[in-house]
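K.L.:
The residues making up each chain are set out below.
There are 2 protein chains.
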Amino acid sequence: METTIFIIVPSGVHPLDLTGPAQVFYEAKTLGADFELTYAGIENVESIHSSAGIKFGGLRSWQDIALKENDIIILPGAQMEQMQKYNRDTYCDFYDWLVLQYRNKVCLCSICTGAYFLGVAGLLNDSSYTTHWRYHDYFRKAFPYGKLETDHFFVSNGNLITSAGISSGIDLSLHLVENRYDSALAAEVARECVLYLRRGPSDPQLSVFMDYRNHIDDRVHKVQQYISENLDTSLRISELAEIAITSPRNLTRRFKKVTGITIGTYIDRLRVEYAYQLLKKGLVFSSVTRQCGLKSEEHLRNLLKKHRNQLPSDIMS
Amino acid sequence: METTIFIIVPSGVHPLDLTGPAQVFYEAKTLGADFELTYAGIENVESIHSSAGIKFGGLRSWQDIALKENDIIILPGAQMEQMQKYNRDTYCDFYDWLVLQYRNKVCLCSICTGAYFLGVAGLLNDSSYTTHWRYHDYFRKAFPYGKLETDHFFVSNGNLITSAGISSGIDLSLHLVENRYDSALAAEVARECVLYLRRGPSDPQLSVFMDYRNHIDDRVHKVQQYISENLDTSLRISELAEIAITSPRNLTRRFKKVTGITIGTYIDRLRVEYAYQLLKKGLVFSSVTRQCGLKSEEHLRNLLKKHRNQLPSDIMS
Chain A
1339 METTIFIIVP
1349 SGVHPLDLTG
1359 PAQVFYEAKT
1369 LGADFELTYA
1379 GIENVESIHS
1389 SAGIKFGGLR
1399 SWQDIALKEN
1409 DIIILPGAQM
1419 EQMQKYNRDT
1429 YCDFYDWLVL
1439 QYRNKVCLCS
1449 ICTGAYFLGV
1459 AGLLNDSSYT
1469 THWRYHDYFR
1479 KAFPYGKLET
1489 DHFFVSNGNL
1499 ITSAGISSGI
1509 DLSLHLVENR
1519 YDSALAAEVA
1529 RECVLYLRRG
1539 PSDPQLSVFM
1549 DYRNHIDDRV
1559 HKVQQYISEN
1569 LDTSLRISEL
1579 AEIAITSPRN
1589 LTRRFKKVTG
1599 ITIGTYIDRL
1609 RVEYAYQLLK
1619 KGLVFSSVTR
1629 QCGLKSEEHL
1639 RNLLKKHRNQ
1649 LPSDIMS
Chain B
1339 METTIFIIVP
1349 SGVHPLDLTG
1359 PAQVFYEAKT
1369 LGADFELTYA
1379 GIENVESIHS
1389 SAGIKFGGLR
1399 SWQDIALKEN
1409 DIIILPGAQM
1419 EQMQKYNRDT
1429 YCDFYDWLVL
1439 QYRNKVCLCS
1449 ICTGAYFLGV
1459 AGLLNDSSYT
1469 THWRYHDYFR
1479 KAFPYGKLET
1489 DHFFVSNGNL
1499 ITSAGISSGI
1509 DLSLHLVENR
1519 YDSALAAEVA
1529 RECVLYLRRG
1539 PSDPQLSVFM
1549 DYRNHIDDRV
1559 HKVQQYISEN
1569 LDTSLRISEL
1579 AEIAITSPRN
1589 LTRRFKKVTG
1599 ITIGTYIDRL
1609 RVEYAYQLLK
1619 KGLVFSSVTR
1629 QCGLKSEEHL
1639 RNLLKKHRNQ
1649 LPSDIMS
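Chains as they are written, first to last, in our numbering: chain A, 1339 to 1655; chain B, 1339 to 1655.
So that you can see chain A by itself, here it is in the shape it has in the complex (with noise of 0.2 Å):
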């Protein structure tokens, strides 16, 4: 089902919180996701200049639109002197719009200073949110009753989730493609943004189909592509090795430099988080064995206890 991305430009909108995560969607859908990405301003205008000087335009207006459950409104933000005009008073019916959106259980998503639209609508209180490191001491003092997290690049609760700021926006739309769809599509949008994907100790854990995609030799790239998609299938170097247009022995070595790690390990990692989908899912160990390229479920077996310390019955359970 086709879901609406909905994009509310505030006045001095800093241009990289709302592009980032329109390059995601737009990538998503061009890739076949099912989203449309509208935009709208708060006041009625057609266009809204942003701090970096170039405007933005053909923006509907919020009361236009009609969102069902599951839909997402993004709230990029803007400088803060920009963002406190956006009062309660002046703008009463935006604020109850937004706790009703919030209600229905459609997804509400700020970026930076855009948490303080979900702060002055109230719904920041008793819930653990993020906001841009400069703005945390404004945010304690401004809304007490929420719970600020300082070191996480995003914060999902529920139907609201916050991200830290600017290009972290990027990995909360990464975020929510993985979680709408799957990680190999999250991955193909990143590789399509030519982006790094996030590492560091407080960053909420990526998935292995995200994981050793943090290079740009495109041969390898080529190769992993190949791998995700055709796990089914029994995967030798050297038919590897013809994709990549280069010899096993050359592939072998190239892989290991720019990942880290060996192919063989690389496939038997998106081996067992494509078992783990599919057994989530519900499907028999045999079907996963098979589905998996693997000829045993011995050796299935095998990986989850390795990989991921789990027998198939504690992920079925």
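Simulated from the structure, these hints should not be mistaken for laboratory data. Each hint should be verified, as a subset may be incorrect.
Remember, identical chains collapse to one label, so a pair may be satisfied in a single copy or spanning two.
[As the list claims (entries may be wrong)] Below 27 Å or equal to it, Euclidean Cα-Cα: the simulated DSS-like pairs (lysine-lysine) are:
#, residue 1, residue 2
1, K1367, K1619
2, K1423, K1393
3, K1619, K1644
4, K1406, K1633
5, K1367, K1393
6, K1367, K1560
7, K1485, K1619
8, K1633, K1619
9, K1633, K1560
10, K1485, K1560
Following the hints, position chain B against chain A.
P.N.:
Just chain B now, with coordinates in the frame of chain A:
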């Protein structure tokens, strides 16, 4: 002297191609850099649809702007079908103007398929360059005299800088900020954008000021910022712990956990980098030692040997 950043907006532009650089230069400007951002269309239009639907407006005409040596033209990309309508015959004035800017030593930077403009203008002939991975084959055929590099985020070749695609326009722009000002400012901009910095075997090496900032622990960032701004002082851990509002023991643990190195090693590396920059500028060794917060020249000599494997004379010559 003020640098004009002149962003040329093709019809159907990829939003992130444009706003990645725009956000970087805007943040650098708010942090004190003397950049002026201006946007123009290629056709004589006031606004243009982006690939993701939102319109970019307030565009000037490229004919209206006089650029000087070292000013910067950014050429974002669009979908290839859109790019191809900018053929040489219809837009010959624009291409002649581009070539003239190149000869006048304006810095021409393409993002993603924006390299198409440089190709049609004949500026990729015998030059190394890069573009979005999806169009490598297309570019090889269309511009056979260029040297396509397929494993770099961006390629810098005199006053021609090309980037691999979409988000790598951010890397290219950070590189320009670093080049025009210094790596400390580039690191501050990246931090303002909540950007992870690119790492990888085929990246151009970034300076140590950009290293070890690949985390989201706000207190550790504060300490790192303080260190980079106070290299001429003694920098005791007790004093750094006060800045982080924590105990020396806890700061030490936290710093190591998120950066992977100790505070002491971090300070040493920044001092060596700073010393290197000052020696390159021609300052005498005793003065450099003092400005790096070190009491003995022997100490600095040892640090340079250990971390750069260079003698002061190697750098000064």
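K.L.:
Decide, hint by hint, whether the structure agrees.
P.N.:
Do the hints match the structure? See the list:
1. In the homo-oligomer, the alpha carbons of K1367 and K1619 lie at most 27 Å apart inside one protomer (24 Å), although the nearest pairing across protomers, at 51 Å, exceeds that limit.
2. For the homomeric pair K1423 and K1393, the shortest alpha-carbon distances inside one copy (19 Å) and between copies (24 Å) are both at most 27 Å.
3. In the homo-oligomer, the alpha carbons of K1619 and K1644 lie at most 27 Å apart inside one protomer (21 Å), although the nearest pairing across protomers, at 55 Å, exceeds that limit.
4. In this homomeric assembly, K1406 and K1633 never come within 27 Å of each other (Cα to Cα): the closest approach is 44 Å inside a single copy and 67 Å across copies.
5. Taking the shortest Cα distances, K1367 and K1393 sit within 27 Å of each other both inside one copy (24 Å) and across copies (18 Å).
6. When the C-alpha separation of K1367 and K1560 is checked against a cutoff of 27 Å, the pair qualifies only within one copy, where the shortest distance is 21 Å, while the shortest distance between copies is 39 Å.
7. In the homo-oligomer, the alpha carbons of K1485 and K1619 never lie at most 27 Å apart, since the shortest distance is 34 Å inside one protomer and 48 Å across protomers.
8. For the identical chains of this complex, K1633 and K1619 are intra-copy neighbours only, at 21 Å inside a copy versus 65 Å across copies, given an alpha-carbon limit of 27 Å.
9. In this assembly of identical chains, the alpha carbons of K1633 and K1560 lie at most 27 Å apart only when taken from the same copy (25 Å versus 54 Å across copies).
10. Proximity of K1485 to K1560 under the C-alpha cut-off of 27 Å is restricted to the inter-copy arrangement: shortest distance 21 Å between copies versus 43 Å within a copy.
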